[in-house]
Amino acid sequence: MKTTIKLAGCYHHLTLLTFVLSTQSVLEEKVEQLTDMTAKQSIIHLNLNKFKEYVRSPPRDYSFVVMFTAMAPSRRCAICQHVYEEYLIVANSFRFSPAYNTKLFFGMVDFDEGSDIFQMLRLNTAPVIMHFPAKGKPKPADSMDFERAGIHAEAIIKWIQDRTDVQIRVFRPPNYSGVVAFAMLFILVAGFLYLRRNNLEFLYNKQMWAVVALLFCFAMVSGQMWNQIRGPPFFHRTKNGPVYINGGSHGQFVLESYIVAILNGAVVIGMIMMIEAAGGVKGTEAQRAQDGKRRRLQTVVGLVLVCVFFSLLLSVFRAKTQGYPYSFLFK
Amino acid sequence: MMPAMAQLQFCVLFLVYVATQCTSTNVDTVSSGINIKNVDRTIDISSQLVKITSKVTLENTGKSPVKNFLLAVEGTGKAKLAFIGTKDGNNKDLRNVETDVKGNDDAKFWRVDLKESINAGSTASVVVETVYTKALQPYPTSITQQEEQLVKYLGNLYFYSPYPVSSQKTNVILNTKAVETFTKVKPFLQLDGSISYGPYSNTAAFTEKELVVHYKNNSPFLTVTRLERLIEVSHWGNIAIEETIEVEHTGAKLKGPFSRYDYQQDHHSGPASVRSYKTLLPASASDVYYRDTNGNISTSNMRVKKDSVELDLRPRYPLFGGWRSHYTLGYNVPSYEYLYYSGNEYLLKMRAVDHVFDDMQIDELITKVILPEGTTNIKANFPFAVTRLPDSLHYTYLDTKGRPVITFTKTNIVENHIQDFQLRYSFPRILMLQEPLLVVGFLYTLFLCVIIYVRLDFSIHKSEHPHKD
Amino acid sequence: MTTLAEPDLGNGRNKPIFNNTTGFSTLITVTVLLLAWLAGFASRLFAVIRFESIIHEFDPWFNYRSTAYMVQHGFYNFLNWFDERAWYPLGRIVGGTVYPGLMITSGSIHWLLHALNIPIHIRDICVFLAPVFSGLTAISTYLLTAELWSRGAGLFAACFIAIVPGYSSRSVAGSYDNEGIAIFALQLTYFLWLRSLKTGSVFWSICTAISYFYMVSAWGGYVFIINLIPLHVFALLIMGRFSQRLFVSYSVFYIVGLLLSMQIPFVGFQPIRTSEHMAASGVFALLMAVGALQYLHSLNPKGQWKKLLIVGGLMAAGLVFLMVVFLTYIGVIAPWSGRFYSLWDTAYAKIHIPIIASVSEHQPTTWSSFFFDLHVLVCTFPVGLWYCVKNINDERVFVTLYALSAVYFAGVMVRLMLTLTPVVCVLSGIAFSILLDLLLRDDDLPTAPVEPNDKNLYDKAGKVKKRAPEPTSQADFGLGMNVRSGALIAFMILLMLFSVHCTWATSNAYSSPSIVLASYGNDGSRKILDDFREAYGWLSQNTAEDARIMSWWDYGYQIAGMGNRTTLVDNNTWNNSHIALVGKAMASNETAAYDIMTMLDVDYVLVIFGGAIGYSGDDINKFIWMVRIAEGEHPKDIHEADYFTEKGEYRVDSEASKTMLNCLMYKLSYYRYDSGGSPPGYDRTRGALPGNRGFKLTYLEEAYTTEHWLVRIYRLFEMFITSVPTDSVVYDFLTVLAKRIENFMMIAAGCGSRLS
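Chains as they are written, first to last, in the working numbering: chain L, 2 to 332; chain G, 3 to 471; chain B, 356 to 1111.
Derived by calculation from the structure, the hints in this document are not laboratory data. Incorrect hints may have been included.
Estimated spans, in silico, between C-beta atoms of each pair [as the list claims (entries may be wrong)]:
hint, chain 1, residue 1, chain 2, residue 2, range
1, B, P444, G, T78, 45 to 51 Å
2, L, R197, B, A647, 26 to 32 Å
3, B, L677, L, F172, 26 to 32 Å
Far from chain B, some chain G residues (derived; all Cβ distances over 12 Å) [said to hold, decoys possible]:
hint, residue
4, E61
5, G64
6, K136
7, T143
8, S286
Bear in mind that the values here come from a model prediction, so they are computed numbers and not experimental data. Idealized CB from N, CA, C, for every residue including glycine.
The following block holds chain L by itself, in its conformation from the complex (with noise of 0.2 Å):
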């Protein structure tokens, strides 16, 4: 890396002192081409040839911003799609904000077009969003680290407002993709209502609106929302093979919170079969006929579904919290 931004900076002088008049116009027409580059699409591509005249070569009175990424999916880069997407409205946004100036542009490089500015930079890691400052060497704080600020149109905004000083309001394409489903789903139920007229019985099927009611508290119980707010991993994958529970109390993987759910239903139909085997709640139900001996099976079943599946989850719970003394039947 010294090395090369020691030439580059000999470099410049020399340009300084030989083309020391076509300079101006040299830089009048790069921003010339840049600007009608951006204006047919606003996230510039570049390749190699490209990158050396517009980004690192002076002179330059922008900041360029560029994005190195992978998109080919033969890379099977799944974030570089997220990164690309946020950067393209990152980059519209600015160019049809009024604050556009030809101070900023925006490009991208993608690793199969241009595999040896990946090396010339020294990068082996995609995506990557640098900032390259209209005059001095990128800095390390000029290549955005997506760990911390995440990779949100916003945080993207944010970070360039803080290299350079342009402020850009983000503006995203209205996303309607929520009120469509929605519509969707509304003209689906009121069609098979419609389609359903003459009997609509079903409605009053308390069975399934049970069901129904359960299952969503199941969801609920067993931390989905969590899971939607936090977006933890599926399952977690160590050398010593993959792991499905947190060790921790205060996460958890989206693998582990369906297995509660599954463990909290075992134990609720165990319940259930119980009470509907010992005669039901109205007290006359087939069960009363019957004789004893299924019965009796039904209820067993039932209560070694309940103690089972209970204790499982305790020692489940037991392991994620630490210090925690009870168990029942397992450990």
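Fit chains G and B to the known structure of chain L by using the hints.
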């Protein structure tokens, strides 16, 4: 402390005096027939108090036997005087009465009545003990955390008396060699920890000569600015005592920052600061609590000795010059040690003020005594002059017409004031049944109500209309 | 208590156990409820027994302070109280910005006791208020469940809620907060609502309104009621369960409740001006419309009215909806407040309101904390829900909606676990009572479902063995005796596990006063770290009466409550910009900070520093939130990135960024800090050696530092009076004052302050 008998006698005498005092102010004249043969004075200024003990040998140079003589305190000192006591040769208390002398208005006089009169030509020796508060000025008035505390004592080089003194010696006790300056009037001698003056011969009456000692004094300069002592007497065998105490460090003020680091590193840091002090409670004191407005102060420990309970109290924070602290200390004592009765007549004997810390000085004391409900014709005897505040009523658990509260206050108090006061009252013992009966009656009515309720309820819900499911 | 005596014929499924005399069953009921009360009270006393009778945490200190103020100065002065000791220099209109229910409750208890010559200190009343109310909550839960299902179920539910951690977490002795009494009000309101819906009597619905009024005066969570009850009504309308009883009870409740709720100064006109309350009025209008149509229908029962009814109903609904939307659009009705909105759009708070996001109670809930707070109930309450839906009626529609909405909210915010817990207890109570009732049906033991209750209050393992063989005799038909007893034993064990879990959770997780810390030596010896009170005591005694103390907002209430001094910001975080100003002062270097501090004329600065004893909740660990909040208001001066290392790590040692090493917070934390572990100056919390040491302070001096360095107080030097351009001061106060109005919406009902 003096033996109980003498003490009692003392009190009684004193109170008789107090009674007379308020009606008539008595005036004396300095009799010329008395000459002080020798005075041996000890001025102890090693603590925050100034304790002067003078052995006075009186000589009757007149014709007639002398029954009493006068003590004087110079005008400069009389405001700071907290206590004056006199004993005769064999350590019996002598009665002393405040009085006036024509012509000397700035000074303050006491007439001491001797047990047996001094015949002409013979001598008698008397021990006079005086304690002054706030007589030591910190100088400089503010110091940093690391500095030592220097104080100045201004006193009288000679024994101040209305009679001529033939010869006198004075010994000033400092407990330190670090003396900046002190009055040098030959003959004097500075030993380590003390300076002795004299003997000086033939000083005239009312002679004053300034005695200045400027020396190091790191002993705790703690002043109890206000002490409220609440004594709640219960005839069920318990007396609860609660003291609300405001303490201030009246030594040299802390200048600049307080550094916890320095304070932790070397224990000599903050020599003038007070980390903790000892409070002595009666030996029978039980369930002691020590708290302030924010709850318990968890930094204290208690040692039970055979004649007292010793509390080692640490304020929440060390006290530097000018810092204040505030806390409440409470405990119970069994009543049989302090409460005597015959029939319906009761006698309560308790300390008007109790020990807070050694060499304590209390600016203002307020003592309240809460007597059981229904006590009548209360008579109070106090060991020293106090101002009695109007009685009030106090309501607490299961009270109907309130408990009488006796309140009295006194300013400028030192350890010598730790003496008993007496409270005589009559209380019909049958009233002890009042509170249990109240409880019983209350419960009875409660159950009665419940019973009636249930019955009512039974009758109500027959008429309740059923509602659909 | 007398209502217990009346058996509700309403849904009295024939319980053999209650077939005998009412007196007997009443006796049992009363006994069990009293035991529940007792157990609930006792299980909340861990903190008092371990430490002392003291107010906990942060918000309770404000509640305590204002209660003391009310007791001292009377109710009207309290309502008009302008507290100049908070939010210096703005002050705070306390009377208009609190829910006074809590203070009034304990204040009137205090008044009553003193009228009876029982001189109990107001502090003790405040400390023990929540445990006492837990008993009342148990009773009201019993009533609610009895309305819903049966009295046996009610007893179960009462016993559950008496000890369940999800509720005791907010109601241990000393946690003197709104939730403590609010849950009681919540349950009571729901019970009365169901009762009024059943009877359709105006009396009960007015009782509902009054109880709702109490709830409004007690807690911001009343919004839950005023949305849930209309939802219930709406659902009933859709299900075609419209009835005169519904009509009467809801309309009465709505009108009276609305009028009453607007009497609370803090609520004021919100019930008719904000979207949170619009559902209620919308449903009210709808109900009126449907009622009218019903009337028309009743004029001519046969014929075409039915179609009109449906169409008209739908149209009315649509009309009401559009009306509300329109009003909101033209701004007559305020849109949802961020706090409320963040319940639906879960990402909202993180982006827009960092001060909400920064509070750990506002994080979503993992399954383990569900289990921790509810234990066995978490997998039994669906059973109750199942049977409520299976044999539905008007009340059970309500409890179903209650359960579903509450479980959703609890999933979004840990804090709202509190609203889930009661309904979970109700439903599990139903589930258990159904099961045990069936299992014990053959042997007619009146006490059967009661015994397990006081078993799970205090687990007497002995009793199980005694109870086991009791289902004797005609085992030929039905489940055999063995199966019964086996099942019974199993469920007794479950209940016992539940009770021990509750005790464990309450004692270990929820019973630390957090202003007194205890550290345990290897030999089990306990050492009390009382630094907070040491510092506050020092402040109260040794600073000027009107000294202004600057600290992070977490400690505002405690400084005001224990130190009795003026603070700049406190836990009622109504003014973001003021907080941001303090954050900026903490985050900028000494000189810049000094300008801000002189502008706010600060006398002392108080920071919490846990490095010496390894206390992790200290200011350096919270510091990044100060930076974020400051950056939100002053993006020019503060950049979060500057406080991280190049690698984006947050650290304090020599690697740390220059800005970090020179900001005020850092300097005040580590000034002359050379003790602690080995090597000297080692920070145990961060596990690092501070990067910037041996520096001097230019504008401040150490005024006091507590014994374990936990609290450090600094005094500003008077001598450097730098000339602050006055216009900037004026400008800043104007903005602050402008913010004040718009920020009233987001007054924190009670931010806790541990950071995630």
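Now for the hints, and whether the structure bears them out:
no., hint, verdict
1, B:P444 x G:T78: 45 to 51 Å, "holds (49 Å)"
2, L:R197 x B:A647: 26 to 32 Å, "holds (31 Å)"
3, B:L677 x L:F172: 26 to 32 Å, "holds (30 Å)"
4, E61, "holds (55 Å)"
5, G64, "holds (59 Å)"
6, K136, "holds (21 Å)"
7, T143, "holds (17 Å)"
8, S286, "holds (25 Å)"
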